[in-house]
Amino acid sequence: MSIQLPVPLNKHEIEEFGQELDDIYEETIASLGSKDERYIKRLIKTQRSMALISRFVIFASLAFLPNWFTHTLASWSMFYLTAGVGVFFLAVSKILENMEISHNVLHGQWDWMRDPEINSTVWEWDHASPADQWKKTHNVVHHTWTNVLYKDHDVGYGLLRVTSEQKWAPRYILQPLYNFILAIFFEWGIGIQEMNWKKFFVGTKEQKEHFGFVFRRFRAKAVRQIMKDYVLWPLLSGPFFLYVAASNAIANILRNIWTNIIIFCGHFPEDVYVFRKQDVEGETRAHWYLRQLLGSANIKGGRLFSIMTGNLNHQIEHHLFPDMPSNRYPQVAPRVKALCDRYGLPYNTGSLIRQYGTTTLKIWRLSFPGGDTVPK
Amino acid sequence: MPDKSLRTLKQKLMSFVDLIATPLTVSHYIELVNPLWVSHNLQAQVVDVWDETKNARTLTLKPGRNWRTHRAGQHIRVGVPIEGKHFTRTYSISSEPERRDGCITITVKALDDGRMSTHLVRDVKKGTYLPIGLPQGEFVLPQAAPTLPLFITAGSGITPVMSMLRNYVRVGNIPDTVHMHYAPHSYDVIFGKELKRYAEQLPNLYHYHPIFTRELGSELSSKKHFSPEQLEKRCPDWREREVWACGPQSLLDSVEAFFKENGREQHLHTERFLAPTAKLTGDEQGGQVNFDGKTIDADGITPLLRVFEDSGLNPKHGCRMGICRSCDRTLKSGSVRDLRTGTIIEEPGSVVQICICAAAGNCELN
Numbered sequence: 001m002s003i004q005l006p007v008p009l010n011k012h013e014i015e016e017f018g019q020e021l022d023d024i025y026e027e028t029i030a031s032l033g034s035k036d037e038r039y040i041k042r043l044i045k046t047q048r049s050m051a052l053i054s055r056f057v058i059f060a061s062l063a064f065l066p067n068w069f070t071h072t073l074a075s076w077s078m079f080y081l082t083a084g085v086g087v088f089f090l091a092v093s094k095i096l097e098n099m100e101i102s103h104n105v106l107h108g109q110w111d112w113m114r115d116p117e118i119n120s121t122v123w124e125w126d127h128a129s130p131a132d133q134w135k136k137t138h139n140v141v142h143h144t145w146t147n148v149l150y151k152d153h154d155v156g157y158g159l160l161r162v163t164s165e166q167k168w169a170p171r172y173i174l175q176p177l178y179n180f181i182l183a184i185f186f187e188w189g190i191g192i193q194e195m196n197w198k199k200f201f202v203g204t205k206e207q208k209e210h211f212g213f214v215f216r217r218f219r220a221k222a223v224r225q226i227m228k229d230y231v232l233w234p235l236l237s238g239p240f241f242l243y244v245a246a247s248n249a250i251a252n253i254l255r256n257i258w259t260n261i262i263i264f265c266g267h268f269p270e271d272v273y274v275f276r277k278q279d280v281e282g283e284t285r286a287h288w289y290l291r292q293l294l295g296s297a298n299i300k301g302g303r304l305f306s307i308m309t310g311n312l313n314h315q316i317e318h319h320l321f322p323d324m325p326s327n328r329y330p331q332v333a334p335r336v337k338a339l340c341d342r343y344g345l346p347y348n349t350g351s352l353i354r355q356y357g358t359t360t361l362k363i364w365r366l367s368f369p370g371g372d373t374v375p376k
Numbered sequence: 001m002p003d004k005s006l007r008t009l010k011q012k013l014m015s016f017v018d019l020i021a022t023p024l025t026v027s028h029y030i031e032l033v034n035p036l037w038v039s040h041n042l043q044a045q046v047v048d049v050w051d052e053t054k055n056a057r058t059l060t061l062k063p064g065r066n067w068r069t070h071r072a073g074q075h076i077r078v079g080v081p082i083e084g085k086h087f088t089r090t091y092s093i094s095s096e097p098e099r100r101d102g103c104i105t106i107t108v109k110a111l112d113d114g115r116m117s118t119h120l121v122r123d124v125k126k127g128t129y130l131p132i133g134l135p136q137g138e139f140v141l142p143q144a145a146p147t148l149p150l151f152i153t154a155g156s157g158i159t160p161v162m163s164m165l166r167n168y169v170r171v172g173n174i175p176d177t178v179h180m181h182y183a184p185h186s187y188d189v190i191f192g193k194e195l196k197r198y199a200e201q202l203p204n205l206y207h208y209h210p211i212f213t214r215e216l217g218s219e220l221s222s223k224k225h226f227s228p229e230q231l232e233k234r235c236p237d238w239r240e241r242e243v244w245a246c247g248p249q250s251l252l253d254s255v256e257a258f259f260k261e262n263g264r265e266q267h268l269h270t271e272r273f274l275a276p277t278a279k280l281t282g283d284e285q286g287g288q289v290n291f292d293g294k295t296i297d298a299d300g301i302t303p304l305l306r307v308f309e310d311s312g313l314n315p316k317h318g319c320r321m322g323i324c325r326s327c328d329r330t331l332k333s334g335s336v337r338d339l340r341t342g343t344i345i346e347e348p349g350s351v352v353q354i355c356i357c358a359a360a361g362n363c364e365l366n
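Top to bottom, those sequences are chains A and B.
Once you know that position 202 of the first sequence is 202 in the working numbering, the rest is easy, because the numbers rise by one and skip nothing.
Once you know that position 192 of the second sequence is 192 in the working numbering, the rest is easy, because the numbers rise by one and skip nothing.
Okay, chain A solo, but in the shape it has when bound (with noise of 0.2 Å):
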């Protein structure tokens, strides 16, 4: 193990640094109840009423069309207003399904309470990635090899670079264009990751033929998908069917952006530590604490705010312990960082605007060679 540690500590110290991480993870996990069962029940409700509804003021907004009915509330500014609340939204509560629900569900948050309905094993989401294929590319990859160059495919998701450590290629010239892109339709962006098309071009037979199943999965998850918002819903309004269909996808995009923004300031801030792969031999579960913590960044915000980007904003804890109910993020997050400041270690954190602006200057000045070296 050859992280370069910013304080030096030995391997003792780091022992004792990771008992006590297990500790706050015991003593969290041995108090769960029926208040934790309660906040995710509650607000899986909300969420599915939330989306019901916004769909229905989606189409409330056709009977103020000025050049379709006469009542006197009849006026484009009434129709905006009304179809601008009915698409907002539902963006929220597709952010919500996405983010505080699934992503939290998927992780085996909510195993403990072994609801036969809301845990990692049945768990499908609003999404075009299906469930158990995300779970790989995410759960495993993504949080096992966390950070670590050509293995966590999320370090720039194969189309991004995200720190000097990656060459430099004249492709990346235009990545502040890929990453807009991207960022856009984020959701299809996930879908494909687990897809090795290289592979489909140049691997064996099996390797093919992986990539063929891989392929149908995903293909019927996104045939529903576009089912769903493209089809079905703007069917049901008849002569509306563009309208509705436009408004399915400005939701949609709006929890795409907001999503990528979210994610993104979660490992690509100024001063997260990228690892090689001989970094990782012979890791223990300590060493790969103290990865996590180093490879990951947190964004200040109160409440509300964490609800809305599922708790990444607490994703140093998320790291930490992938497997812990999100809702008790913010409580051991001041513990966590305690601890840190103890033993000297860095916290990434800070607001919104320092973690994505730093993150977007980043994308710039590498879309170009060299670039800063990264703590590593």
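Derived from the structure by calculation, the hints contain no laboratory data.
Ideal placement from N, C-alpha and C gives every residue a C-beta, glycine not left out.
Be aware that one or more of the hints could be misleading.
Claimed, not checked - Partial chain A-side listing against chain B, Cβ under 7 Å, derived:
hint : residue
1    : G33
2    : D111
3    : W125
4    : D126
Unchecked claim - Here are the simulated DSS-like pairs of lysine-lysine, each with C-alpha atoms no more than 25 Å apart in a straight line:
hint : chain 1 : residue 1 : chain 2 : residue 2
5    : A       : K45       : B       : K125
6    : A       : K277      : A       : K136
7    : A       : K300      : A       : K199
8    : A       : K199      : A       : K45
9    : A       : K228      : B       : K10
10   : A       : K41       : B       : K62
11   : A       : K205      : A       : K136
12   : B       : K316      : A       : K205
13   : A       : K35       : B       : K126
Position chain B relative to chain A; hints supplied.
Only chain B this time, still in chain A's reference frame:
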């Protein structure tokens, strides 16, 4: 035939309609309005609670539209979240089938160490929705052939037999029936008044013999438990009867032994409430693991994933350190130990991460 194709057509249509709720179904949204109308699971609303004795309570449940009528004597699974954790237990239905109000009842006795039973008896409020399963079990009366029944019950073992008796009374075709019921005291008899009333109303048909095993204020006297002499006295024609017995393990054991001795075990039907479970004998004790139908020996310190791999299996897995949950399996019975915390996981239905759990006695995973 047209009926079947109509059904598949209906199913196809429904799954198409469900596309509108991807990745859920329309039923998940109906649940927001009324959990009893859903088709993706089965829940029941507690519409009434009634105390039978000081520690037994009858819950009247209104099952959702996925329900199908039970046969008298059958049981259902009932789920309850306690402290946020979902527990499942099996209870016999104590009401007769096809009640007019569409409801069923279960009668639960609070056991001293029963977390779930105590919760159901003391804490469950009217209006609560509980997940339930469909009626199951072979502890039922034959549908056609007329038989002379002998019921041997004890304590809350009365519940499935109560459903049978009520069914006889409702239909009005009770055959000549002998019923031996064991309880500590007369005031401990669940449904005591109703049983007495049947005995008074049907003196030639329903022969009710309550047997109280304790004198007031004294300890349990095993002399009064089931014995051949007792049976001979209360039901001399037991050789001509079909027997249904339900109660604690000890009662069933002695009843089973007796009828086997006399070569009448094929005429004995029993219902056990608790499946015998493997008891933990000490720390880090392994056991036999039944995994996907294969039985494998495991020690108490090696993660199950390793054990399975060493025996030539290749279960799905990922990080091998308890993070990614790729290797999650469901515990069907027995217990395992979480090697990180030392916690024993023994509740059936728990999710087990096999990469960081070892066997703790015999267990079964799928």
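Okay, the hints, checked on the actual structure:
{"no.": "1", "hint": "G33", "verdict": "holds, 5 Å"}
{"no.": "2", "hint": "D111", "verdict": "holds, 4 Å"}
{"no.": "3", "hint": "W125", "verdict": "holds, 6 Å"}
{"no.": "4", "hint": "D126", "verdict": "holds, 6 Å"}
{"no.": "5", "hint": "K45/A with K125/B", "verdict": "holds, 21 Å"}
{"no.": "6", "hint": "K277/A with K136/A", "verdict": "holds, 19 Å"}
{"no.": "7", "hint": "K300/A with K199/A", "verdict": "violated, 41 Å"}
{"no.": "8", "hint": "K199/A with K45/A", "verdict": "violated, 42 Å"}
{"no.": "9", "hint": "K228/A with K10/B", "verdict": "holds, 20 Å"}
{"no.": "10", "hint": "K41/A with K62/B", "verdict": "holds, 22 Å"}
{"no.": "11", "hint": "K205/A with K136/A", "verdict": "holds, 22 Å"}
{"no.": "12", "hint": "K316/B with K205/A", "verdict": "holds, 22 Å"}
{"no.": "13", "hint": "K35/A with K126/B", "verdict": "holds, 20 Å"}
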